Amino acid sequence: MENFVKISYLIASVLFIVGLKNLSHPRTAVRGNALGALGMFIAILVTLFDKNIVSYEIIAGGIIVGSLIGIVLAKKIQMTAMPQLVALLNGFGGIASILVAGAALLEALELGKLVDPAFSVSTGLSAAIGAVTFSGSMIAFGKLQGIVTEKAVRYPGDQVVKAIVLLGIISVGGYFVYEPTNSDLYWIISGIGIFLGLILVLPIGGADMPVVISLLNSYSGIAASMNGFVLDNNVLIISGSLVGASGIILTQIMCKAMNRSLTNVLFGGFGQVAEEVADSGDFYSGKVKSTTSEEVAMILDIARKVVIVPGYGMAVSQAQHTVRDLYNLLTSRGIEVEFAIHPVAGRMPGHMNVLLAEADIPYDKLKEMDEINPTFDSVDVVIVNGANDVTNPLAKTDPKSPIAGMPILEVGKAGTIVVIKRSLSPGFAGVPNPLFTQDNTLMLFGDGKKVTQEIINALKE
Amino acid sequence: METLVTALTIFVLAIFIGFEVITKIPPILHTPLMSGSNAISGITVIGALLSAGYQVTMLTTILGFIAVLFATINVVGGFLVTQRMLGMFKKKD
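In order, the protein sequences belong to chains A and B.
Each residue of the first sequence is one higher than the one before, starting from 42 at the first, in this note's numbering.
Each residue of the second sequence is one higher than the one before, starting from -16 at the first, in this note's numbering.
Calculated from the structure, these hints are not laboratory results.
As the structure is a computational prediction, the values presented were derived from the model and not from experiment.
Yeah, the Cβ is synthetic: ideal placement off N, Cα and C, and Gly gets one too.
Treat the hints loosely; a few may be bogus.
Claimed, not checked - Derived Cβ-Cβ restraints for the label pairs, each shown as a range:
1. A/A204 to B/E3: 32 to 42 Å
2. A/P415 to B/T(-8): 41 to 51 Å
3. A/G456 to B/F(-1): 19 to 29 Å
Generate coordinates for the entire structure from the input sequences, incorporating the hints supplied.
As structure tokens, this is what we get:
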């Protein structure tokens, strides 16, 4: 029977790996996700056959209530709120890891099992990583949802405070390994971990959330892996490592797309000054050309190739469906329309792709930065909708700029650039954008959704 | 000690498999990847089920129950929302 369970866990692990493998193409991705779910189902089912389970009422209660909440969340969530949901789920994974390892510790002590260093180290790590994941994710959720300030919250000596708290958790952790029979220490580790998660994520600005969510995603996996060490269970170790690796890769991709180190993202306090330098009137005065929807419609009328650059602003104004209408209208007139997606556009990896897919834009029209950059020369009109920093040429020209070296969408090479924006306020990086003052750039001020609709109306007249 | 070494071996090898598999996933699918992998990390539900079922003490049972609750939200919510997102990519095929 024990072998049967272990083989089933192995099958589940293989299904997870094959499932992730199938995520490499939109065509096979649905099957991949189903395989993952099947693996989970098998793993849960065989676990329920465990002969030491004395009653099923509590299990059933947890599964039923948890499933209902999960179903409601998954069905009701708006696509624009996907980053929040992922943050929330990361956090739930984190707290589950704390509770699982905590229960395992208490059981071991109660039943007088041998608590060796391998057990206590992995238990302590489950608590620490799980706790940081939990509270960090909750703050990330709060920032994305607008409950917690999007700004980077800094105070004098904050790095020192973080270092002291980190030292604290390591010390208590060390003491716990030395004296694992004292389960209070376990909960102290969890408590410090929760505090650490708070003070680590609060000083990180809203636009850096793609990195934070990716990293917390990784942590939730590693915490699950640590649970696997505690319970001596391979399927937990394997699945946790897969998720851990996945989060790390996404973190690297996000950092690279901003040309910033992970340390800079986590401790740099980027976005703290965004509002103080909002007044960059001098930079733009007299050099910016404002336009109207009618004029943009006229330019589009004679265009052959159009590229739309979506940014977080498009998500905020819920403009994706209106943008789709514009896409359909232009395409129906024989104009070639593509979308240029910067890796850090939006608030999580792949955010823009999901929004545009929701609006029924064919996925082969969504182009990655490296693919579309060489083609901007031959583009007649670029429409920048709610993006700013990712198009800022300062990244290439000013080595002292906070965004220096960040790869950008080189929209400036196109014939005409139409920038849809509420005002001239700077993006997250807090720097003015010289693109706006370029001779071939036209500013179209207003709400992304409303203005796009006006362009459509003007085109139809 | 031997089980620890075996476990570490599995841990390290699985991370390498993870790197190999995940680097091939295109940016267009990164959001579904996050929510899907999130669901997979809900595998902790297994440990939670055992604690909630063994019922060694009142406290471990309660901890187990809460853990089952959170991990199940993670699993069910994660897989379903991933399915919903991927459906949007699929229908234009």
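We went through each hint and held it up to the structure:
{"no.": "1", "hint": "A/A204 to B/E3: 32 to 42 Å", "verdict": "holds (35 Å)"}
{"no.": "2", "hint": "A/P415 to B/T(-8): 41 to 51 Å", "verdict": "holds (45 Å)"}
{"no.": "3", "hint": "A/G456 to B/F(-1): 19 to 29 Å", "verdict": "violated (47 Å)"}
The structure does not agree with numbered hint 3 stated previously, though it agrees with all others.
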